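Take a look at the letters that make up each chain.
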Amino acid sequence: MAAESEAPPRAHFDPTRDTEFGVPDLGRTVRVVGTVINVDREETPHPKVRRGEVGKALFNYTRNSVAVDPLGRTNSPFRSRDAGNFFTTALGQAPNGTMNPVRTPVDDPAAMTRHIKRVGRYLGADIVGIGKAHPALLYGGGSLDDGGYTLAGATDAESPQELCRKYPYVIVTPVAWDYALAQAHRHHIGDAAYDTTLMQTILVLTALERYIKELGYSALRGRVNPQAAALAAGVGELGRNGLIITAQFGARIHLNDAILTDLPLEAGKPVDLGVEDFCKICRKCAETCPTNSITFEGKQVFNGIEKYKIKWETCYKLRPLVADYWNVCLTCSTVCPYTKPNVWWRTLALRTLTTTPIRLRPIVVRGLKWIDDRFWGKTPSRRVRWLGYDSGIKPGVKACTVAGCSAQHGDSNRPVGLSPSANVGYYAPLKENTNRFAKR
Amino acid sequence: MRFPWPSRRREHDPYWERFIHRAPADPNNLITHAFKAVKPGGVNPVRGEIHSPDVMTSHVKELGRFFGADQVAVVQLGHSSELPFAIVCGLRSEYDTRTTPGVGGQAPALKGLFVSFNLVAYIKELGYRASRSMDDAERLAVIGSVGRQGPELHIAEVIRTDLPLQPDIQEQASV
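Read top to bottom, the protein sequences are chains A and B.
Numbering-wise, our numbering puts 345 at position 201 of the first sequence, and it's gapless, one number per residue.
Numbering-wise, our numbering puts 271 at position 131 of the second sequence, and it's gapless, one number per residue.
For reference, chain A alone in the conformation it holds in the complex:
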């Protein structure tokens, strides 16, 4: 921190200086309360982990590990055996298109907004959000990672303020992962659901980016913090678990990046889904988090932004320890009461909450949480069978439980380590690794 004062001033948003933009409206869950330094992409968790700044174990995990599971080798950049078998890397190798010199005139931004939303959904996004760009939402610096991000029409020298003047809109296109499969989180089944939607989100973003270029407008990726963009666009609200919670899917959406564009559009507004009221009382994610990375306490002000701050280092440090059994934990997303199938009773519960006056919402929240604990349990533990996988088998035990399979799987062709109750998956005890993190 001491070195920071000697370094040249970093790009930042100062509410008292940048009155032109005003304080961004990010809804009730996140408030900008002071000067926001534009974080460089290289300072975000993934690059830090890849550079080895979070320890050797994680460095090895991201650089030198290969997934045990064949499906895991095809859907994770960290754990592939041959990067040519990972769709997103392959997509990054495909040559970029150029911007169409003939611009499509846009007379009615509202019609173009409807069009882009329809296009995004047509290409495979589950939600398409359009928000107003704001300097506080942007990354600083200009370095790009090796994931195939493209820069069109911008140089690294442009400040976030200049970028927002030139490219006034952000687009996010999240894809939701399957509810039933993610019930087997902390398992290869949950990994498949989660990692496949990451590939799909990047595919939609790339396709939409190229379509905007084809319309004759700029589309910049790797410039905007996607969570902040999702808040500004009204896709959802930020929960205690540090995830964007949406109206339709809860916390089971994959945001990867956002598109910054000068295509004339109409920006959406932040939404109120009652997340602010719910997270104050619920704490289910904080109780179940195996690494205690989610706070039980109130919001913090970090980098000028008031929000629930998660301890991402401890969250990451679980991964190399469990790499042989699963890739992503997802407990906080799965246990969240908002994460439910997108059906009528979920809509009814959400509407009940959002139509209640804010002062009376704690009563509704307590009622809804009681129902959630009663019917879905305090920890997610449903047994899921998908392809040859079975979340009822203890992780690491080789066993084939596929009915009718006559193949010889060696000596371990018997179901071993099955949970006593046929419907319970092997997730317990969820907190087995907690002490490792509490003692450090």
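No lab work stands behind these hints: they were computed from the structure.
Since we're looking at a predicted model, the values are computed, not measured.
Positions of the beta carbon are idealized from the N, C-alpha and C atoms, including for glycine.
Treat the hints with care, as some may be off.
Covered, in the sense of this in silico footprint (three residues per stretch, anywhere, with C-beta under 8 Å from a C-beta of chain B), are these stretches of chain A [said to hold, decoys possible]: (1) 211-223; (2) 229-238; (3) 259-271.
The following residues of chain A were derived to be distant from chain B, with all beta-carbon distances above 12 Å [as the list claims (entries may be wrong)]: (4) 181; (5) 200; (6) 248; (7) 344; (8) 415; (9) 450; (10) 514; (11) 519; (12) 531.
We have chain A; now place chain B onto it with these hints.
Frame of chain A; chain B shown alone:
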């Protein structure tokens, strides 16, 4: 369940026709075109444990649907001995991808590419050979009862593989 009265009419979208029908000025803005430059990944030298052929067929079909296919069929090829099975995937579409060169018109092909690529990647990671190509795709789709390429169905690239599968149907060598 479908109600007999029509749903709310979609507001007019003046850009939709262009999205579907106009070929991009730079063909690389079409991912399916740009993707032709991508080199295929390698086959895992260590073969993984697999289930019996009938189970593997059901798994490949389920995985195809998971990646976005609507129909998947396995056809045993009559002539090739090296890669004896063809996996044919069909995706529902609203336009005929052969006549709609726009970014939107080619969207089913993009989704088809995602399915084929990932199925090939999975089979290669299991340690078996697999390749994807459009050769004979439409004919094999008819043989496998997936359907005919047209305005309602897009046939994705066919995957030819030596992964032991139980075919739905055998292609006649003489056809």
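Structure-inconsistent hints, enumerated in ascending order: 6, 7 and 12
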